[in-house]
Amino acid sequence: MKKDPFSTNVAMRYKQYSGLLLLLSLPLMLPRNLSAHENDIVHPGLTNAASRLVEVNEITTHCSFDISEDMQCSFIDEGSVKEDTTITSVESWDGSKWGQSFCELKPLNYIKHGYNPVTGKGWLDLGAIDALEYAEPIWNQAVNEYNLGRRNDALFRLGRICHLLEDMTSPAHVHGDFHPTGDDFEDWGENHFSDYDFSVLRLTPEMPTGRVNLPNGIMVDANSIQGILHSLALFTYKMCSFEGHLQEIAGIQPDSELSRMFPTLHYYDGGILGDNYWEIDDIGGLEQWGSDEWWACNMDHIEYEDREGVRHIKGHFYIENAAGYSGNLTPAVFEKS
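Numbering (my numbering), first residue to last: 2 to 338.
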């Protein structure tokens, strides 16, 4: 069967989604907002905004890419939303809004949406496959469906890929921070997404080039679906993990990026029978009885004892709970050392 050249254009153009989705998500992933994307407003909002911003001169005869009005393009929106749900029955969806597709959706797909670009693992506490392994067959099926003329199903799967791209701009998804009951940023994103007018940002799609090394040692093309997802995840991981130096001595901790961003970082020594832990005011503790609100990144830190027997932890740290004890987002701030 002769390959439809339009499918090549679709593949090339939507690889540019990665750059757009990353830029669109930047206001939502600043260091003080360490969490995930909300599914009813943020995910479809990012998908719609990226669709409007992608330059589509070569394919306008096939689809206007106006998701709000074009029924065929609505399958992209539909796929990006349904990817995060547990419902697979076609009768459960509003046909006046969406195209009633549910191509190979299965319950609990969201447990496959994690990917740590340092460890190469998905959600650490579930042992699920990672987002890269999960995305590749969906992408290949999308291209194949389009070549066979089943464009609605192809665009639906493309929407599912958009969802995974968007998840790679979420700190929780790239730090193994599983959050089935939601978290701070889901509320923040839902309430503040409308504050951003993406149409005036003058964003330019960017096609990744070259090769990238995955954590398992395999090298892939940067513009492959695995290369794009990995690069997005690594960018987010680096932006939202902070270099720090902790020592088990009561009081303010040594100078580091972490201590400058959170000047209240200190070590609390509860004595022989008390609780010993590091704490950032209004955010929470590390190694505190109960649950940690921030921690040293897996495979991205070292621990040692100095000559005086004082324990140190050096490396990168992830802040899970940006709303802290008060329930209000606590901004990170830089202070001169």
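No lab work stands behind these hints, which were simulated from the structure alone. Please read these numbers as outputs of a predicted model, since none were measured by experiment. No residue lacks a Cβ here, since even glycine has one placed at the ideal position from N, Cα and C. There's no promise every hint is true.
30 angstroms max Cα-Cα, derived DSSO-like pairs, lysine-lysine [stated by the list, open to error]:
id, residue 1, residue 2
1, 239, 315
2, 122, 107
3, 239, 122
4, 122, 315
Label pairs and their computed distance ranges (CB to CB) [claimed, not checked]:
id, residue 1, residue 2, range
5, 142, 306, 47 to 55 angstroms
6, 109, 137, 38 to 46 angstroms
7, 142, 222, 12 to 20 angstroms
8, 288, 264, 14 to 22 angstroms
9, 277, 215, 35 to 43 angstroms
For each hint, the structure was consulted:
no.	hint	verdict
1	239 / 315	16 angstroms, holds
2	122 / 107	21 angstroms, holds
3	239 / 122	16 angstroms, holds
4	122 / 315	22 angstroms, holds
5	142 / 306: 47 to 55 angstroms	52 angstroms, holds
6	109 / 137: 38 to 46 angstroms	19 angstroms, violated
7	142 / 222: 12 to 20 angstroms	19 angstroms, holds
8	288 / 264: 14 to 22 angstroms	20 angstroms, holds
9	277 / 215: 35 to 43 angstroms	38 angstroms, holds
Figure legend: structure checked against the earlier numbered hints; the only hint not met is number 6.
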